[in-house]
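Chains as they are written, first to last, in the working numbering: chain A, 26 to 519; chain B, 7 to 122.
I should point out that these hints are in silico values taken from the structure, not numbers from a laboratory.
Treat the hints with care, as some may be off.
Stretch-level coverage of chain A by chain B, calculated; a stretch enters the list once three of its residues show a Cβ under 8 angstroms from a Cβ in chain B [unchecked claim]: (1) 165-177; (2) 201-213; (3) 448-457.
According to the in silico footprint, chain A covers these stretches of chain B (three or more CB under 8 angstroms from chain A) [what the hints assert, rightly or not]: (4) 53-62; (5) 90-99.
Positions of the beta carbon are idealized from the N, C-alpha and C atoms, including for glycine.
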Amino acid sequence: MNHSIIFPVVIYLGGAFLLPLLYAKNDLLAGIVTSALTFLSFLVSVLLGLTVFTTGERILYFAGGWQKPLGIALMVDPLSCLFLIITNFIAFLIAVYSITYTKKHSRAAYFYVLFMLILAGMNGILISMDLFNIFVFFEIASIASFVLVAFGLRAEELEASLKYTVISFIASTMILLGLAVVYGFTGTLNITAFMRIAAGLPQTHLWFILGLFLAGFAIKAALVPFHAWLPDAHSMAPAPVSALLSGLFIKVVGFYGIIRLATNIFGSIPQIRVVLLLFGILSMVLGGLMAYGQKNIKRLLAYSTISQIGYCAIGLGIGGYLGYLGVLLHIISHAFSKSLLFLNIGAVEYMTGTTDSDKLKGLYDRMPYTTALASTGMFGIAGIPPMGNFWSKLIIIFSAVQAGYPGIAALCVLVAVITLGYFLKLQRTVYYNKASDTAKMLEAPSGMLAPMTVLAFAAVFAGILLIPGIRSCCLDKAVGVMENFSYINVDIGD
Amino acid sequence: MIIYLLVALMVFIGLYGIIAKKNIIKIIVGMNILGYATNLLFIVLGYKWNGIAPIIPQNITVERFVQTAVDPLPQALVLTAIVIDLGFSAFLAALAIRMYAKYGTFDTDKIRRLKG
């Protein structure tokens, strides 16, 4: 029995419990402890990755030492391990960044408690193989994120948090109703056992369950008909939280669930792909167009997130080796670039006190290093050739052409141009123009610049994952999980 | 059958409260009704007419126990779900108080500083 699988959750839950007892008054120490724990968790997930990626095997674990069908089943396979590594890596950098950022907040120790609860929830979702367990971790992550969105207690933050909470409650109720229906039809909540019994159920029952789950996860992933909460919540949260929510949260809590539903659980229902393509096109186009007119830079980035998650939904809807490869690479490189941009605009807000693109001018003269990092992130998301997102968008477009959807491929290209357009406009009006003569140098503190630099390098070099030798040992195995794996084959005893 | 219709009715009442009402407190009440509807569905699924508590008495065989006892798993799940609902309600109530202090109203039509 490999016990290391539960550590990514246990480390964070233990940390979130002990932190307010030990360091409630000492914000600096709380930040350092949080960073250390995130790094520890990153190491554990890398160790898990070494096992999982070299052997290509799943690690199966039954909590509490119960025998096979009884204990709560936890599982790490290449797909979830890829997400685990990315999540904990970016979370570590965000935690380091927060040490400097939260100097202006009072009671920052509680910020770290909630931060770790989000991470515990996200890691828990990634390792769970039991539907109710996934629901509980989903709620842990969600409730902690509502509180963090309202952390600054300004009127707009409270309003954003209210919207986010109410819409998320509907999402969690949909998933809980889905769980009740699953339990009513099959009498189990283990995914494998559910699938074994569900094979004999009428198709309409599966449609009902799929609809409930898809609605719940799509609200979390902010696909367009369900997106109304995202621009408010992501633009009003403190910068490290925006980076965590936009870079990781919607992908791990929302989109990872959709990936598992569409490929490993309900892969036999082809209509889900049509739904995903529809949601994806809507998200991609509307998110891109809405981002164009935004004055608040964080709001622009939030709409850009909706647009980019649309690309992922399209890739998943098209499917096949190329589609899945594109989805995974897009998720990874977008996580790097978008966290970088949110941290970056957080540094600008920290130094100048505003995120309004009308009030900011000539940032290149005042904060050259921050501006360079911002440009890296923007070119990353827009898809300028050496960056990871260029390759992922290219692969998704190729897969669309190959699968016989030239119209979708054309739309993808068009939205890529729109993306480049709004980022170039932002650069022209905010970064690369002349500052007023009285403006002073305002370079962000090095405690913020260091994690952003690491993220920028990661965003530039994410394309390395495509080099055949590296691809065959990590991305290909994760794609293999999406293509061939079905939970029905997992050995959970009888 | 009629009890499932009752659950469906409660779900729709809860959704109506969340979507149509303008007062934050009424929205919270709507959310609670929606949560109770889900919990009720779970309990109904595990219920048996004239069932016994799911603790094995000494003078009964396991087969007979399985036939007569109510299903304990939905009850455990509902306990967890109730705690999560409690978290939602408590947080939203605190949020409502803070928002009343900032905006001076519970009316969501007047709480509209974020748009676009």
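Status of each hint after checking the structure:
Counting residues of the segment 165-177 of chain A whose C-beta lies closer than 8 angstroms to any C-beta of chain B gives 4; at least three are required, and the coverage claim holds. Under the rule that three or more residues need a Cβ within less than 8 angstroms of chain B, the assignment of the segment 201-213 of chain A holds, with 6 such residues. For the segment 448-457 of chain A, the assignment as covered by chain B is violated, since 0 residues bring a beta-carbon within under 8 angstroms of that chain's beta-carbons and 3 are needed. Interface restraint, the segment 53-62 of chain B with chain A: violated (0 residues with C-beta to C-beta distance below 8 angstroms; minimum three).
Coverage of the segment 90-99 of chain B by chain A holds. Counting CB-CB distances below 8 angstroms, 5 residues qualify, and the rule asks for three or more.
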